[in-house]
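Chemist: First to last, the sequence lines map onto chains Y and U.
The first sequence begins at 4 in the numbering used here and counts up by one.
The second sequence begins at 100 in the numbering used here and counts up by one.
Since the hints were made in silico from the structure, they are not lab data.
Hints may be right or wrong, so weigh each one.
Calculated pairs, EDC-like style, for lysine to aspartate or glutamate (alpha carbon to alpha carbon, straight line, at most 16 Å) [claimed, not checked]:
1. Y:K47 with U:E152
2. Y:K197 with Y:E144
3. Y:K47 with Y:E64
4. Y:K176 with U:E116
5. Y:K197 with U:E135
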Amino acid sequence: MAPTTTKLPVRRTYREATDESLLLWYREEGDIEAFETLVHRYEKPLFSYLLRFLHSVSLAEDVFQATFLRFHEKCHSFTEGRQVRPWIYSIATNLAIDVLRKEGRHHKVSLDDERLESGARAGKLSDLLRSSQPSPLEQLESREEAAWTRRAVDALPEHLRVIVLLAYFQGLKFQEVAEILQIPLGTVKSRLHKALLTLHSAWRRNHRSQ
Amino acid sequence: MHEELPGYLSAALEIAETLFVEPSLADSAEAQRQLEALCLAIAPLELLRQEIEAPEGLAHRTCQRIGEVRKARID
């Protein structure tokens, strides 16, 4: 690693450390455990995002790995004072868009979508056995509703869909979404507004036709 | 103002923005209708909000792959 005058954050346990501290320890000191902590920290949320984006477990896994490879290669150019989370999502989003373009598809539904819907199901068997859980009929309805909602989100134009994925499914702040997509905050708000009204219209049409 | 409503619903607005939205909302029937529509759109999204389990060992395989890249560059 190149010599630097960066002031490193005070050492804490890896688990307690912020993403930004982990990045600096890795970049400035070659601390591999710091890097590995970050990869493990993002395993579930980033994979969830990529699977929703790409609808393929193998593509989501490839892009996850490519994201951290890019992170490793580019961390020297990361500007202090920025936040790591939007940067990681930004790398992942750009790579996922490239993959979709190379695959020549928008967001095709695949067998892996089963995994997406299973995320919305009632949960583990032990949860089902608890008396407070919904009845099998309610669970079925909830599953159908979840499947319908997922299709409605997938039917959104890509520039609206990605905002719904980031703001609602990943729970990112609007400012972070703006940073990830490199668009003004006002554009994030207006696109989200438009996406939700589009979903509402689809929801109304669907419920009217039933 | 309508574009602030998704943020208002998810409590993502700054205090100043909320102070701007609330009186406008109280005065506008159209804004109230939109707020209701947005509520209905957001509710089903909650069904899908759970995180999905990653394939077993994904983080480990990723670290291993990058470790190999790192080692290849040193060699």
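Chemist: So which of those numbered hints doesn't the model satisfy?
Modeler: Structure breaks hint 2 only.
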